[in-house]
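S.K.: Please model the complete structure; the sequences and the hints are all you need to start from.
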Amino acid sequence: MEFACHMSNFSLPLLLRAPTPAQSSLTFCEANPRDLKRWISRLPKANLGEMARQLYQGLTELSQLITPSENRLQLLELLRPEVYFVCKHLERHFLNQAIVLDERPRKVANLCQALQNHLATGYKQIIQQVAARYTKDQAGLFSTALQRALHGLNGPLIRANQLYCPVQEGLWLELHQIYQIARQYQLHNTPVDEPLAHHTKALSVEQTYVIALLMGCSRCNQMRQLNIGKLADALEAWSPLVRLQSPAGEHSLFALDPTVDKPPLYSTLFSDEQSSRLLGINTHSLAEAINQYLALPDDQRSPSRLLIPTGINTDLLQHLAAAWGDVAERTFQRTAGQGTLKLCIGMSALHFYVAGQKSFSELLQLNSTSSAANFSLKIANDDEDDPWASAFDTQRGKSSSVLLPYEEIEYPKNDGDNDSLSNGQHTFPTFDLNIVNHSPGGYCLAWQKEVPQQLQAGELVGIQDDSGQGWSIAIVRWVRQVRSGGTQMGIELIAPFAQPCGMQLIREQQNSQYLRTLMLPEVRAMEKPPTVLAPRLPFQEGNKVMINVGGEERRASLSNRRISSASYNQFEYQIYNAPKAAESEKAKPGQEFDSLWGTL
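Numbering of the sequence shown is given in the working numbering, commencing with residue 142 and proceeding in unit increments.
Because the hints were derived from the structure by calculation, they are not lab data.
Remember, predicted model here, so these are calculated numbers, not experimental data.
Backbone N, C-alpha and C define an ideal beta-carbon position, used for all residues, glycine too.
Any given hint could be a false lead.
[To be verified] Calculated pairs, DSS-like style, for lysine-lysine (alpha carbon to alpha carbon, straight line, at most 30 Å):
1. Lys342 / Lys277
2. Lys342 / Lys186
3. Lys669 / Lys499
4. Lys499 / Lys483
5. Lys248 / Lys178
6. Lys248 / Lys403
7. Lys342 / Lys499
8. Lys371 / Lys403
9. Lys178 / Lys342
10. Lys342 / Lys229
11. Lys483 / Lys590
12. Lys248 / Lys229
[What the hints assert, rightly or not] Listed next, with one range per pair, are the computed distances between beta-carbon atoms:
13. Gln433 / Ala338: 48 to 58 Å
14. Gln205 / Leu435: 24 to 34 Å
15. Gln433 / Asn188: 43 to 53 Å
16. Leu437 / Gln309: 15 to 25 Å
17. Gln205 / Thr276: 18 to 28 Å
18. Leu437 / Gly609: 28 to 38 Å
19. Thr400 / His339: 44 to 54 Å
M.R.: Okay, structure coming up:
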């Protein structure tokens, strides 16, 4: 229900959605903290479904209860940790699944959204009640309700980002309005104890609001699902580094109109006439702190002024530094498109089709090794005085052909014995996608059918046009679900073609197995050198590698890493002129000093 209330001492209307209470009691317990504690103690935590049902029913009833704000706050504070407990443990049903959820996980996700929305509704009711007759002795009650309402709405916002879904209508407007109310009463910087926070003991209304704003301008549709949750966790510690400016100033990279149901946008997208009513967001200090952290050697990062929670990796930090550090400008203009593209997903599929549907071992032209077992005798003590030397069974020979003259043991090879070389006659699925729009740099594509589970932001894909001639190399930049139904994704073209090859890491003891890699051509017009796309592990900058192209093996070194994602790296490389050693690339004694002799 829309609830609007105009106050004589408040310049903005309250547009917070909350029902008007009409019941005088609860059915599941007495409407006091003591009896609610007793009810909570009996919740079946071992049965999450039943616990969620009872909490949902309880929150629904509480929103209809006529009760003083002080009592409502106490009841909500008791229910709040239980709601977060249930939502956290239900996440496994809908996170790290296919982007388009089946009916059951979708219902579980909707249940979590509903639970946190109902919880936020209770705090919004307190805001409405207190704001109408606010006195300074209610500052603690009021600031707590404001912070809790924002925190409650942040949950559905974060979850919508994790599921690449549109944010529910009205949520951004409510977030803006709650912050504006706190600012009107000078409560936006008041610390509020926050027992649910992981990296701080207290959060102000402004810090809690900044968490939502940073989620809104982090380009979450370009991030993997797992990283979105890690980001939300880290923002508690990072929010003090962001400054909100009213009106927006020249240092505000982002801005928003508090009267509009929209997330933050780049300040440059607003007109000069709008600037006076905009709230600006200055993320410069946070982006600078991230860049300073990234510039430190690994062993010096611990004392950094920026708290980096466990699980926040370098790739995510680089993405965030770019998102919050400068305006991202589109290199090419979009053009509405029509027709379809054929698409394959992942390095294995892309390598297979670029190679003309050859198996990896066939492409590398490696000799198949026999799997027959061969045994030989080792003489422990070859001594003429050996008393057993004349025994009748000691002179049969030393090879398995003599030891086992009548049968040969052959061990069958399993398909998984050498995963890096296997795909045999295995084929990979392809998908026909409609073109929404395109530019020289990439495409926006629409999925009409079920979206495969392996589709993620940052994943490699191959695309082929209607002509069926060759495969281009691309990366998934963002994924989103549109309100009209269906899923769209943006892909960026990396190269018009690639040379399929294999690459192994050269080690002193033993080289790694060959892994699928793609050599990309030089683009002189854009000053891009030739590069190689390789799996995330084990390859790193500075590694010495062996590259196999059609059976020809050449030594090379990996240099500047240009792109990194959760599944692959793109390196510049240099091929050595020296031919490969005939027998083995195993390091010889003293080899690590070879480059030193000529300089002494």
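S.K.: Please go over all the hints and tell whether each is borne out by the structure.
M.R.: Hint by hint, here is what the structure shows:
About 24 Å separates the Cα atoms of Lys342 and Lys277, which keeps this hinted pair within 30 Å; it holds. The suggested pairing of Lys342 with Lys186 holds, with an alpha-carbon distance near 26 Å, which does not exceed 30 Å. Of the supplied pair hints, the one linking Lys669 and Lys499 holds, its CA atoms being roughly 29 Å apart against a limit of 30 Å. Using a Cα cut-off of 30 Å, the hinted pair Lys499 and Lys483 holds, with the two alpha carbons roughly 19 Å apart.
With a CA separation close to 29 Å, the supplied pair Lys248 and Lys178 stays within the 30 Å bound. Our distance criterion of 30 Å between C-alpha atoms is met by Lys248 and Lys403, whose separation comes to about 26 Å. Proximity of Lys342 to Lys499 is assessed by CA-CA distance (about 58 Å); at most 30 Å being required, the pair is judged violated. Pair hint Lys371 plus Lys403 holds up; C-alpha atoms about 24 Å apart against a cutoff of 30 Å.
With a C-alpha separation of about 23 Å, the suggested pairing of Lys178 with Lys342 holds against the 30 Å cut-off. Restraint check: the Cα-Cα separation between Lys342 and Lys229 comes to about 20 Å, which is no more than 30 Å; the hinted pair holds. Distance hint between Lys483 and Lys590 is fulfilled; the C-alpha atoms sit about 14 Å from each other, no more than 30 Å. Our distance criterion of 30 Å between C-alpha atoms is met by Lys248 and Lys229, whose separation comes to about 15 Å.
The hinted window of 48 to 58 Å between Gln433 and Ala338 is violated, with their beta carbons roughly 24 Å apart. In this structure, Gln205 and Leu435 break the distance hint of 24 to 34 Å, their C-beta atoms being roughly 51 Å apart. Take Gln433 and Asn188: their Cβ atoms lie about 48 Å apart, and the range 43 to 53 Å holds. Hint check: Leu437 to Gln309, Cβ distance near 40 Å, so the stated range 15 to 25 Å is violated.
Distance hint check: the CB atoms of Gln205 and Thr276 are about 27 Å apart, consistent with the given range 18 to 28 Å. About 50 Å separates the C-beta atoms of Leu437 and Gly609, a value inconsistent with the hinted range of 28 to 38 Å. The given range of 44 to 54 Å is broken by Thr400 and His339, whose C-beta atoms sit roughly 33 Å from each other.
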